[in-house]
Amino acid sequence: MRRELLYSTLALAVLALAVIPIGIAVFVLGFVYGDSPCVMCWEQRIGMALVALVGLFVLRYGPKPKYIGLAVLIAIWGVFMGIRHTGMHAARDVGQGFSVEILGAHTYTWALLIYWVSVAMMGLLLLMTRKEDIEDRPRPLGLLGGLAGTVFLVVIAGNVVQAFASTGPPPFMGQSDPVRFSFSPKHWVWSLDEWSPAPISLRGRWAIDKPSLAALPAGPGGPIAEAPVLPVARELRLGFPLSGIPTDLAYDPATSQFLVTTEHGVYLADETLAKLNRHTIVDAGFAVDLGRFAGAAFLDKGAVLAVGENKSFVVLEPGDKADADANFRFFLESFDTFNEGPRSRFGTVRARMMYVMSAAYDSESKSIYTVTVPNNKVKRLIISRFDRNDMTLSEEFAPALAKDAGLTLAGKRTLNDYYVTGATIAAGRMYAISAAFNTLLTIDLQTRSVTAARAIPGLARPVGIAAKGDELYILGESGKVWVVGQ
Amino acid sequence: MEFLNLVVIFVTAYLVLRKPHKERLAFGLLVFSVLFMVFLFSVATRTGLLPGVNY
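Chains A and B supply the protein sequences, listed in that same order.
Take the first sequence: its letter number 465 is residue 465 in the working numbering, and every next letter is one higher.
Take the second sequence: its letter number 25 is residue 25 in the working numbering, and every next letter is one higher.
Derived from the structure by calculation, the hints contain no laboratory data.
There may be inaccurate statements among the hints.
As the list claims (entries may be wrong) - If we take Cβ atoms under 7 Å as the criterion, some of the chain A residues that face chain B in the derived model are:
1. M88
2. H89
3. I156
4. G158
5. I200
6. R203
Said to hold, decoys possible - No farther apart than 35 Å at their CA atoms in a straight line, the calculated lysine-lysine pairs in the DSBU-like style are these:
7. K19(B) with K131(A)
8. K210(A) with K379(A)
9. K66(A) with K19(B)
10. K403(A) with K377(A)
11. K480(A) with K379(A)
12. K412(A) with K210(A)
13. K64(A) with K19(B)
14. K275(A) with K366(A)
15. K66(A) with K22(B)
16. K66(A) with K131(A)
17. K275(A) with K301(A)
18. K377(A) with K22(B)
19. K210(A) with K66(A)
20. K468(A) with K403(A)
21. K480(A) with K275(A)
22. K321(A) with K412(A)
23. K377(A) with K275(A)
24. K64(A) with K22(B)
We treat Cβ as the ideally placed atom computed from N, Cα and C, and that holds for glycine.
Let the sequences and hints guide you as you build the complete structure.
This is the structure in structure tokens:
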């Protein structure tokens, strides 16, 4: 009785697997509606067929460990294929995806559920299996087993037909973007594209290097031809010690204070940069991964913003009566000098695959700006604007050269060669300092264009810039500050 | 290539159903099909073998 239940359950499972995902996919979606699987869908479908095929093996030869083991391996691989395929589209806007939906979910996402159920089903069957069920000779399939086997053969035959029309005989292979299925050979497209040489990578386009100033060209030779020179008016040094190297600089005329950040440190200094007023070290663990602070800005009412390279951010509010015990969870040092506001992430579109090394705040438009740095995969200069109220992306653009600025690009160079490590806003203009070619860019935020580019000789790894009065303070990685006119 | 693998799967199922005494051959074909599937999926995703999501 138990054994009959075991084999009947398995036969029904094979039947369900053959009919519902594989059979409907080929006979209804394929032959009726013209849906063609992409190359990954094909392998997901074949994996399901192989799980069902192992089911037939068990129906015929009993639940031998090698069959159950292989079925688990196939299903685990199927779960991986489902994640790999779904991952390509998982972050798109609601409703977007690839090919057709079934009950509100795209086909490839169903594979995750089907393989997961397959693994669960095998666990269940193993629980029901006894030692005496393992047989030495083939067993009769019975009515249900025979039906499952016959249906499986028919479904696979249908898939053989569809695969021949859609992918062709070897060495032709499935396609990333298949054409609509047709029984007419005139419409068949057999492709060898998947065999084309391509680099092998684990993370693919997500394998993006973190920002680094190590190999940047610091001298002349920037993309803007013959950028005029802006001389340094004077130099000074930070008059207080930091925990780590500085990463950005900002100035607040309302409180006459400078803001300096390090990897996770936030320092408020007086207007001469000689005296430290307060500081804290933010605990970057156990919550939003803030990355390495790379951008700093004063927001409204004295609040300060620290933005990580990964565009995660934290807002801190200076407070003389901050509750040290309540702040234990947020900081590693100086628990009673700041209160923590929101800690979250800026989301971008054009800048999505790039890190940033700057942040600036425009009090007129109540907007926060970041500027991308190029990386090993994406080389674009993108300026993103976020609304202060909801800290959400409001605008993104790639600045162009202003037509009336008299600027020209050298040869086939582009503005993407710059590496903006600091930005500040004054009178509606963004001043962005590029550590590559030590160039100060002036960007009109209304016309979204670069109106001036000036080379500043003598800078060494600038990481931040702040506007104070008519002057710009440029902070270097060494703690040196260069002051230039606007 | 998918066509070839599906033909192998069809032949394997036929052996199991109609020529059950050829168990070793059928199992060999089954293992070949599994490895072939893994190989083809890996070829198709070789530019990003891991799921393409934020790491």
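**Report entry** Pairwise hint evaluation, K19(B) against K64(A), where the allowed Cα distance is 35 Å at most
**Finding:** Status holds; Cα separation ~19 Å.
Requested in this report: Using 7 Å as the Cβ threshold, decide whether I200(A) counts as touching chain B.
Outcome: Result: holds, 5 Å to nearest chain B Cβ.
Query raised in the report: Are the Cα atoms of K377(A) and K22(B) separated by 35 Å or less?
Result: 52 Å, violated
Report task. Using Cβ atoms only, decide whether R203(A) comes closer than 7 Å to chain B, and label the hint accordingly. Result -> Interface hint status for R203(A): holds (6 Å vs cutoff 7 Å).
Query raised in the report: Does K275(A) lie within 35 Å of K377(A) when you go C-alpha to C-alpha?
Result: 42 Å, violated
Requested in this report: Verify the interface restraint on G158(A): the C-beta must sit less than 7 Å from at least one C-beta of chain B.
Outcome: 10 Å, violated
Report task. With chain B as the partner, please determine if H89(A) meets the hint condition of a C-beta pair closer than 7 Å. Result -> At 9 Å from the nearest chain B Cβ, H89(A) fails the 7 Å test, so the hint is violated.
Query raised in the report: CA of K210(A) to CA of K379(A), is that 35 Å or under?
Result: 13 Å, holds
Report task. Double-check I156(A) for me: the hint is only fine if its C-beta lies closer than 7 Å to a C-beta in chain B. Result -> 5 Å, holds
Query - Hinted pair K275(A) and K366(A), Cα distance within 35 Å - result: Measuring from Cα to Cα gives roughly 29 Å; hence the hint holds.
Query raised in the report: Taking 35 Å as the top limit, are the C-alpha atoms of K66(A) and K22(B) close enough?
Result: 16 Å, holds
Query raised in the report: If you draw a straight line from the CA of K468(A) to the CA of K403(A), is it 35 Å or shorter?
Result: 29 Å, holds
The structure is inconsistent with the numbered hints 2, 4, 18, 19, 22 and 23, although it conforms to all the rest.
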